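**Student:** Start from chain B and add chains L and E according to the hints.
Chains as they are written, first to last, in the numbering used here: chain B, 1 to 521; chain L, 522 to 838; chain E, 839 to 1161.
Derived by calculation from the structure, the hints in this document are not laboratory data. This structure is a prediction, so every number in the text was calculated from the model and none was measured. Note that CB positions come from ideal geometry on N, CA and C, so glycine has one too.
Calculated Cβ distances over 10 Å to all of chain L for the following chain B residues: (1) E130; (2) R185; (3) L241; (4) P340; (5) E392; (6) E517.
If the Cβ cut is set under 10 Å, some of the chain E residues that face chain L in the computed set are: (7) I969; (8) V977; (9) I1096.
Take a look at the letters that make up each chain.
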Amino acid sequence: MRRTDLAEQTDEPVLEARGISKRFPGVLALDGVSLALRPGEVHALVGENGAGKSTLIKVFTGVYRPDEGRLLYKGEPASFGTPMEAQRAGISTIYQEVNLVPMMSVARNLLLGREPRGRFGVIDTAAMYEEAERVLAGYGVETDVRRPLRTLGVGAQQMVALARAVSVDARVVIMDEPTSSLEPREVETLFGVIRRLRDSGIAVMYVSHRLDELYAVCDQVTVLRDGRLAHTGPLAELDRLKLISLMLGRDLDEVRSGGMTRFSRDRSSENRQGDGTRTPVVEARGLTRKHVLDGVNVSVEPGEVVGLGGLLGAGRTETAKAIVGALPLDGGQVLVAGMPLRGGSTAAAIKAGVSLLPEDRKAEGIIPTLSVRENIALAALPSLGRAGVVSEAKIDRVVEIFMRRLRIKAASPHQLVSELSGGNQQKVLLARWLAVRPKALLLDEPTRGIDVGAKAEVQALIDELAQEGLGVLLISSDLEELVEGADRILVLREGAVVGELSGDEVTEEKIMATIAEQSDG
Amino acid sequence: MNREQVSRLIQQHGAVMVLALLVVVGSLAFDSFATAGNAASVVVSSSFLAIIAIGMTFVIISGGIDLSVGSLFVLGGVLAAYGSQYGLLVALLLPLAVCGVVGLLQGLVIARTGMAPFIVTLAGLLGVRGLMLAISDEGATTYLVEDPAFAALGQGGILGLTWPVYITALLALLAMVLLQRTGFGQNVYAIGGNEQAAALMGVPVARTKVYVYVMSGLLAGLAGALNAARLSSGVTILGIGLELDAIAAVVIGGTLLTGGAGGITGSVAGVLLLGVIQSLINQVGNLTSAFQQVVSGAFLALVVVAQRLLSKAQRLT
Amino acid sequence: MAELTSRGSARVAVLKPQVYAWVQDYGVYAAVLVLLLFNVLFTPHFLDASNFRTQLVQVTPVVIVSLGMALVIGTQGIDLSVGSVMALAAALTVLYLGYGWLPAVLVAVIGGAVVGAAGGALVAYVGVQPIVATLALLVGIRGLANVLVPQLVEFRNPGLIALGSSSVAGIPVIVIIAAALTVIVLFVVRRTTFGRQVVAIGGNRSASELSGLPVKRVLLTVYVISGLLAALAGVLATARLQASDPTSLGLFIELSAITAVVVGGTPLTGGRIRVLSTVMGALLMQLLSATLIKHNLPQSWTQMVQAVIILAAVYATRKRGTR
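So that you can see chain B by itself, here it is in the shape it has in the complex:
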């Protein structure tokens, strides 16, 4: 089984993780993960959010130190203190967000720290521009290298980052979702570069959620799930469905045995099914944004839970943001209870009765400097007072109702929200939205990163709210949650709806099969 038995020199792993574990307060982010990266291979690293991919990359690149396990680089035990150390040793990383300096010129970005010198040790700009042009030509980037980097397209910026990473004598190149904002033509160029790197003996680790890309360019694959190694081996031996089931953590045989969530509604009762005769509480038509959304149609009826399925980066979060006006659109329209929403402002959407529980609690949800009480009351403030003066009594009443109903565990309503656990923070945000009495709620990963107990409570609450007539759009990477919670599921891939499942079709198998279908491009 082990290839090393017959291995020649070149088949020895250049970078190897052995039994790596990494703990964060309350979470075991990596649990005994082993992985070997060999020279001249393109190795896919896949897994859903929270699976531990980014933690593993950060261990490789010296951002984190593992709590247990060993890192071997070129056969020697290695321990990188900083990303710089890893880079100097030959491990380069290209991050999803281009990590260059946008306002500096292309050439200066490419050659920062290695500029050609002329007389008196002063940078020789003519030579620098020449060198930059020469290097970039090999990456299909033809541009005036004196231009500020930010004036380039994202694809070209990514190429500059890649060129920089490789030119520092890299033995290992780690790419974190490099194609997320590339044009198809740019993707082709990138693949050409990756193959060239592979042929020259460089090991490439490729993180992506686009199956087509994985099969187009990768030789090996490692699947992580909940911080553990789910699978590692040649990619060709896995078909798409098998790969997706490995990523989403559902063994195909087990799929039907579910029932772990707290969703308990009887899906067959008459008001569950959208029969097309009722006015949708929220309806989105042809939402379009370059590279992100491609004519997405979504409608949610009162009392209905519509699930949005798909892999990371398929456009689920963007769809939800577009509906509440938090994402500028190139085209499309949103109607709330049949009335078009104007202005594309979040305030207008909220006023009309549609609210979004954002995916990123910390950056877009909580106000960390304020108490639980203030956080709950925030969106409803205008209605909790008179003439701009807040009524403490009204706030107290609302806060008390929701803290009790959602079982928010805090020392007191006056405790800072940032001191609460993730689950309780999430409940605070749910309370914030329930306090404005919305007609529809868009929930983006409502149970991610919260403990099992809180998860069950949130799921039960979603059920309850739908029963009371609220329209819910549920985004979740947890297939079980999606299947048991939603009445209808739209599957997204690369910014477009590629399938709609309802009734008996709402199964994990069906979702995975829909995601796995070959895309036409």
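**Tutor:** Chains L and E in isolation, oriented as in the chain B frame:
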């Protein structure tokens, strides 16, 4: 040229263009404006602010700000005048050493503790002003420049311009080379443009920041010393609020206060622009110098609004 | 080895945040108390009513200006234009004094609000950084005030003079007004929708936007309030001086106001506004310089001690501010 290139050109060289335009308009409108004497007086009086603005340009490009330079300018002047009794060398080195150390301390605090440059250098402003008062008997003592060679450094010159003008020009040239043609300069841009990325690209962030504040302190001290030489005394009241003039000149010159972009040429042009505005207002005659502030303020506001619009235009392409 | 160090640092980490938290919450009160106690014991005539009154009257403009500054800093902003707005208010007051002192004061206050609105519009709608936007106003508005009133102008309007020098029950009217403004700002911050929105926007702007808050309008209003308060401070200072002095009135008061806010424990990172502590911060700085002067320590000491206090205050709030 497309819109992006035009907007980039205006961003980088707008101050120079406006300066040229103002000079042309001024020459046509006032006979007494385009004289050698008037030009020399504008250049001479601008040179001290220009030296400070050079240091400030480095600080702002690195994403920081230095409010202490006005106080350091005064302190430098007082120390130079005091030191001049021991000769030219002491008169120059004493202010440079003290102001350099102040810059070093500020830089260390900013780089090591992560405290906001605004607040650290605000404390520097107060502390240095206190120090200056302490060594001048609460401003009561005005040290006179004793050394004739030092006084000549501030007052003498050739071709109708005083030595400080040549020193400023030399410093500006050196600063340009430093900023555009050395690794240190590249690091300053990189830190101001994206500090995290700069660190990942191997830029020594903390060290570069410390250097930048040391430079700013040194240049402010030098400007103060030269000014003392010019006035033959270490005047204790001038220079208050000079930090704001320097920031204004740098911003007018096209350096972004958010860091990461800008240049020395623009800053020098910004300083000259402020000087030319003042000179033009003097030409009009019946307008007070207060009018100059109104114009400068309005101009600064115009520049920052234009910068926002220009950067939006560049992002669209 | 690794375990040892991590345990050691863990213990320090348990202790330190509490100390910082305490200093941030009560440090300024404790410092004022210590200074008061020191003066009662060692400064002759400190408890005299007249001395007290002088101190309070002197600190009034800083207190009023720093109330607005606290609001602005709460949104992660800064307002450098306040001193120039005071000067503009002084100029407008004396220019319109012919119409009676009340209309003149009204014009001055409206002028301050307009300047605030200009700064706020630049910040909220154009997206200019607060520090540059208000720096432009600092330069331009000071000039405007000087153009309007080129030199010191004394006046004899009895109403305005009375505003500046009369007392009620032994307390100067100016001080009463400052106290009233403090109460109003406290009320606005604690009890109004607007106040809560200001703090929320400073704490997390994108979350506030997603929660449907009128972010731009709130930001604009905050700068208007700051301009309004600065103008009021300018009017009161003018009334007390019995002269309009646009050249030097309010010079560098922005630094004193920022100091008061920072020393009061309001983090520059926004999201918290501590009104009473800000007033305490202003009082502390006043008391400090008064104490040093009374004990024959020169002004230079005051400024150096101020510098140290600012650094210490910001250092103490630095950890918690980002939380």
